[in-house]
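Please model the complete structure; the sequences and the hints are all you need to start from.
Number of protein chains: 2
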Amino acid sequence: MRSVFYISDHTGITTDKLGTALLGKFPNVEFRKESFPFADTPAKISQALLKVKNRFFVEGKKPIIISSVLNPELRQLLVVDYAESLDFFEAFLGRLEHALECEATLDSSRSAHGIGNEENYNHRIDAIHFSLENDDGVSCKHYDDADIVIVGVSRVGKTPTSIYLAVNYGVKVANYPLAETDLRSDCLPKALIPYQLKLFGLSIESERLHNIRSHRLPNTKYSQLNTCINEIQAAERMMNNCGIPYLNTSHKSIEEISVAMMQLVKLKRQF
Amino acid sequence: MRSVFYISDHTGITTDKLGTALLGKFPNVEFRKESFPFADTPAKISQALLKVKNRFFVEGKKPIIISSVLNPELRQLLVVDYAESLDFFEAFLGRLEHALECEATLDSSRSAHGIGNEENYNHRIDAIHFSLENDDGVSCKHYDDADIVIVGVSRVGKTPTSIYLAVNYGVKVANYPLAETDLRSDCLPKALIPYQLKLFGLSIESERLHNIRSHRLPNTKYSQLNTCINEIQAAERMMNNCGIPYLNTSHKSIEEISVAMMQLVKLKRQF
Chain Z
155 MRSVFYISDH TGITTDKLGT ALLGKFPNVE FRKESFPFAD TPAKISQALL
205 KVKNRFFVEG KKPIIISSVL NPELRQLLVV DYAESLDFFE AFLGRLEHAL
255 ECEATLDSSR SAHGIGNEEN YNHRIDAIHF SLENDDGVSC KHYDDADIVI
305 VGVSRVGKTP TSIYLAVNYG VKVANYPLAE TDLRSDCLPK ALIPYQLKLF
355 GLSIESERLH NIRSHRLPNT KYSQLNTCIN EIQAAERMMN NCGIPYLNTS
405 HKSIEEISVA MMQLVKLKRQ F
Chain C
155 MRSVFYISDH TGITTDKLGT ALLGKFPNVE FRKESFPFAD TPAKISQALL
205 KVKNRFFVEG KKPIIISSVL NPELRQLLVV DYAESLDFFE AFLGRLEHAL
255 ECEATLDSSR SAHGIGNEEN YNHRIDAIHF SLENDDGVSC KHYDDADIVI
305 VGVSRVGKTP TSIYLAVNYG VKVANYPLAE TDLRSDCLPK ALIPYQLKLF
355 GLSIESERLH NIRSHRLPNT KYSQLNTCIN EIQAAERMMN NCGIPYLNTS
405 HKSIEEISVA MMQLVKLKRQ F
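In order, the protein sequences belong to chains Z and C. Residue numbering for the first sequence follows my numbering, starting at 155 and increasing by one per position. Residue numbering for the second sequence follows my numbering, starting at 155 and increasing by one per position.
The set of hints was computed from the structure by calculation and includes no laboratory data. There may be inaccurate statements among the hints.
No distinction is drawn between identical chains; accordingly, a pair holds when it is met within one copy or between any pair of copies.
[As the list claims (entries may be wrong)] In silico BS3-like pairs for lysine-lysine, Cα to Cα no more than 25 Å straight-line:
id: 1; residue 1: Lys207; residue 2: Lys420
id: 2; residue 1: Lys215; residue 2: Lys187
id: 3; residue 1: Lys422; residue 2: Lys207
id: 4; residue 1: Lys198; residue 2: Lys420
id: 5; residue 1: Lys295; residue 2: Lys344
id: 6; residue 1: Lys215; residue 2: Lys198
Written out as structure tokens, the structure is:
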């Protein structure tokens with residue numbers, strides 16, 4: 155068991171990602187984590203360090219500090235002999251300044267997770283609202299404005315992927331569920347024909363879909379393995395027939411699906 | 155203008171965050187970015203490096219490589235004399251191995267943005283569906299299952315915040331809009347009384363709300379500055395009267411609102 159302290163002068167989202175990526179490589183160590191976001195004054199840093207120090211005395215092992223503190227004077231406070239301090243800006247900012255031959259700004263309003271450019275930010279919020287309002291094929295009348303339209307059978311992962319793309323990349327995503335009536339033919343549902351070039355499909359292994367649907371509505375026709383097999387086969391036949399690119403989501407997280415999809419259709423971050 | 159290449163053996167989301175945080179500190183440099191996710195073989199790395207090298211010859215300045223490549227042999231390929239290479243694992247993994255006195259695993263299935271623990275992952279997907287289904291006060295009948303219920307006037311930021319919390323922290327969030335009828339009294343709407351301890355409010359400056367609403371429905375009573383002032387005053391009066399903690403969202407991104415909210419109500423990541 156080792157203690158880990160996340161200390162940041164802003165949201166701490168960068169340190170959080172960094173920590174998750176790093177600590178995950180030590181599956182045999184159990185970590186006890188504590189976060190100190192918005193630690194942007196010497197007093198707040200000291201308050202966090204007091205906890206670190208206490209933990210060191212109690213546990214007899216140096217806690218790990220994973221930090222991103224922009225101000226060099228505050229950052230200096232984190233170099234203590236009772237903890238192992240990994241600071242993100244410390245590691246990279248100097249090297250980047252050297253490579254770019256100019257100094258980094260210490261303007262904290264330029265934080266990675268602040269509002270930043272207001273127009274960009276508003277675009278992203280609009281994308282979230284768009285994706286919610288165009289979830290689950292509620293209506294196709296706004297598909298002209300969509301950057302991409304995800305199609306697939308129920309519970310293949312359309313909604314979480316749409317939401318993830320909107321939140322993280324400002325992409326306007328609509329999604330359309332391929333229902334039983336749509337799957338009777340190998341042709342596209344009429345409503346989708348005008349948007350053929352924007353369509354992207356998700357597919358899945360039938361066993362996995364059966365598990366997901368059973369978790370939601372156990373012992374129903376909807377969740378039966380046979381229903382899943384038939385729907386997936388029909389959906390893949392349609393997508394192959396109509397030249398719609400698609401991905402299998404069975405063993406992929408929403409992050410993996412989103413990045414792979416953006417790479418396949420050459421979609422860029424919209425903010 | 156400097157070229158930046160993001161190279162990762164997985165989704166590249168960590169490098170993306172890292173890059174955004176770092177490059178944002180150089181507002182006077184324009185960056186031309188290109189991403190190579192899933193570069194997990196020597197061939198894919200070489201393909202990316204070919205582009206880097208070309209860019210170096212064309213521009214006469216070393217491109218910046220921001221990378222997270224777990225496999226040390228692949229990582230070694232990125233150390234080239236025609237680019238400045240900042241590798242995330244290179245910077246921290248060795249130091250962490252030393253501090254923890256054990257070796258990092260190279261098992262790529264433990265990537266920070268993969269499915270990881272399936273139960274945790276399913277919980278997160280459930281949280282996304284929950285938050286969508288309990289958006290905008292559609293119904294209060296599932297509030298028992300909510301981790302938190304966000305209240306506030308229309309367009310104060312409830313929906314994007316709810317979605318962000320669900321996607322990134324697996325928190326089940328419901329949100330309830332305080333409508334004109336709710337705001338006639340300083341008491342909680344009846345439907346919310348059983349959930350008083352789960353309530354968290356969002357408020358906003360009237361000018362900002364006026365701008366946001368005007369962007370959506372210009373020249374309506376809904377978007378008038380006076381309407382905004384009245385609704386916000388009534389909502390704040392109610393929240394003060396009922397002891398509901400609240401945050402002002404005017405100059406905060408959804409990331410900042412979410413982290414501040416979690417810190418205030420001591421809500422933890424749910425996966």
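These are the hints, each one checked on the structure:
Within a single copy, lysine 207 and lysine 420 get their C-alpha atoms only as close as 49 Å, which misses the 25 Å cut-off; across copies the closest is 22 Å, which meets it. In this assembly of identical chains, lysine 215 and lysine 187 lie within 25 Å of each other by CA distance solely inside one copy; the values are 15 Å within and 41 Å between copies. Within a single copy, lysine 422 and lysine 207 get their C-alpha atoms only as close as 45 Å, which misses the 25 Å cut-off; across copies the closest is 23 Å, which meets it. Taking the shortest Cα distances, lysine 198 and lysine 420 sit within 25 Å of each other only across copies (17 Å), while inside one copy they are farther apart (44 Å).
Only within a single protomer do lysine 295 and lysine 344 lie at most 25 Å apart by alpha-carbon distance; the minimum there is 13 Å, versus 36 Å between protomers. In this assembly of identical chains, lysine 215 and lysine 198 lie within 25 Å of each other by CA distance solely inside one copy; the values are 23 Å within and 41 Å between copies.
Violated hints are absent here; each numbered hint is respected by the structure.
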